[in-house]
Amino acid sequence: MDGVKKALWIVWKDVVCELRTKETLSSMFVFALLAIVIFNFAFQLRGDERVGLIAPGVLWVAFTFAGVLGLNRSFIKEKDHGCLEGLMLCPVDRSAIYAGKALGNLAFMLLMEAIALPMFAVFFNLPVLMPSLLLVILLGTVGFAGVGTLFSAISVNTKAREVMLPILFFPVLIPIVIAAVKSTAQIFDGVSFDQSMPWINLMLAFDVIFLVVSFLSFEYVVEG
Amino acid sequence: MNRTRFLDSSRLTSALFWLSLVGIVTGLYAAFIYAPNEKTMGVVYRIFYFHVPSAWVAFLSFLVVFVGGIMYLRTRERRWDTLALSSAEIGVVFCAIALITGSIWGKPAWGTWWTWEPRLTTTLVLWLIYAAYLMLRRMIEEESQRARVAAVFGIVGFVDVPIVFMSIRWWRTVHPIVFTIDEIRIAPSMLAALLIALVAFTLFYLYLLIQRISLENVGHELEALKQRVA
Chain A
1 MDGVKKALWI
11 VWKDVVCELR
21 TKETLSSMFV
31 FALLAIVIFN
41 FAFQLRGDER
51 VGLIAPGVLW
61 VAFTFAGVLG
71 LNRSFIKEKD
81 HGCLEGLMLC
91 PVDRSAIYAG
101 KALGNLAFML
111 LMEAIALPMF
121 AVFFNLPVLM
131 PSLLLVILLG
141 TVGFAGVGTL
151 FSAISVNTKA
161 REVMLPILFF
171 PVLIPIVIAA
181 VKSTAQIFDG
191 VSFDQSMPWI
201 NLMLAFDVIF
211 LVVSFLSFEY
221 VVEG
Chain B
225 MNRTRFLDSS
235 RLTSALFWLS
245 LVGIVTGLYA
255 AFIYAPNEKT
265 MGVVYRIFYF
275 HVPSAWVAFL
285 SFLVVFVGGI
295 MYLRTRERRW
305 DTLALSSAEI
315 GVVFCAIALI
325 TGSIWGKPAW
335 GTWWTWEPRL
345 TTTLVLWLIY
355 AAYLMLRRMI
365 EEESQRARVA
375 AVFGIVGFVD
385 VPIVFMSIRW
395 WRTVHPIVFT
405 IDEIRIAPSM
415 LAALLIALVA
425 FTLFYLYLLI
435 QRISLENVGH
445 ELEALKQRVA
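Protein chains in written order, with this note's numbering: chain A, 1 to 224; chain B, 225 to 454.
Worth flagging that the hints you see were computed from the coordinates, not collected in a lab. Among the hints, a few may not be true.
In the SDA-like style, the derived pairs of lysine to any residue whose C-alpha atoms are separated by at most 25 Å in a straight line are [as the list claims (entries may be wrong)]:
#1 A:79 with B:368
#2 A:159 with B:313
#3 A:182 with A:133
#4 A:77 with B:313
#5 A:77 with A:9
#6 A:159 with B:351
#7 A:77 with B:361
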């Protein structure tokens, strides 16, 4: 329980930082909005009026790209101001640091999605306030933030840090993208939720496996 | 010296060289002359004797990267990191060969260079993951940090592979399934030719691996000598 409390303190630190600067959330949100607008042009100019076909893809591309933006900031801001060393000196487990950073990233992602989703509903004229869709978004985002936090810590150690994150992250993220887009499409098409169950289970499996793997391997990434 | 290296023996290296040479020549004979034409695809199918072993070597070398990563994190001995690096480089090359030969075969057989089929797509994702692995290594200067971070990435990447496969599998599949659990659906002579090719490619992989490891070790020795002179 002590570890959970310490992790929550790290989340709190990130939230306070964000409230003071507001740089991560605002850039994530504007980027997601831009992605939705650009993709809408890119596909609709082909003359296809059936926007429902492209909507799930656009939604997840927007979330993914905006999410990477936020993940990049997550460890770069720690590194640039020497905060990472400070965090390492704290009398907490490395796994508590991982849990705290991952929860913080998850919270920022979900907030960004909560603001971007109504915009998406307006532009694509689709109903988004469905429990099944919200579940899919939650599961996809948990996996995203879980692995993403580990990869953010990896890429901050490299010479070209902002560039490395998507190159490392996207290939590993592919199962989440497939499952999320497929189940989102099924929900928009109005097929029964049972048919989305394999995808939901796949995301659950991805989330559990990679949360465990990231949790265990995080300490090797930040040590030294 | 022995503790820091793997398989550092010139006798073994030359034995592997000759074995893989014999294997490859036999494999070529088996693939082009010994094995019969295929009933529907005719001669086109023969690329299968290069495609399947390349894919096998790619998967094998990525498994070695995974094991090397785990062992490095446990022991912190540099030889495990050298093993993982060497295996990853060879794996990426053979993965590319498998993708290209598959594509060449796909054009006459399926009428298209590429389809988003589970095995194809998984192999492409594998290539992307391990190309990223090699890029990551080049982006980190400090040696022990590079080894640690690369080990973690190699482990995460390998764990991802079955999930990628499962996720793509729920799309319609068109890849020919040669091996199923209860029967093998090719002629015995074809199977023999395939087995020869698999053995030859595996021996060749081991040969390349040893060469790459000793190249890396020579590089380290050179670095150490330079340090001493300076």
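Hints versus structure:
With a CA separation close to 19 Å, the supplied pair residue 79 (chain A) and residue 368 (chain B) stays within the 25 Å bound. Taking the CA atoms of residue 159 (chain A) and residue 313 (chain B), the gap is about 21 Å. The hint holds against a cut of 25 Å. Taken as a hint, the residue 182 (chain A) and residue 133 (chain A) pair is honoured in the structure, with Cα atoms around 11 Å apart against an allowance of 25 Å. Simply put, residue 77 (chain A) and residue 313 (chain B) have alpha-carbon atoms about 33 Å apart, too far for the 25 Å limit, and the pair is violated.
Using a Cα cut-off of 25 Å, the hinted pair residue 77 (chain A) and residue 9 (chain A) holds, with the two alpha carbons roughly 17 Å apart. Distance restraint check for residue 159 (chain A) and residue 351 (chain B): the Cα-Cα separation of roughly 22 Å lies within the 25 Å cut-off, and the hinted pair is therefore satisfied. A C-alpha spacing of about 23 Å is found between residue 77 (chain A) and residue 361 (chain B), which places the hinted pair at or below 25 Å, so the restraint holds.
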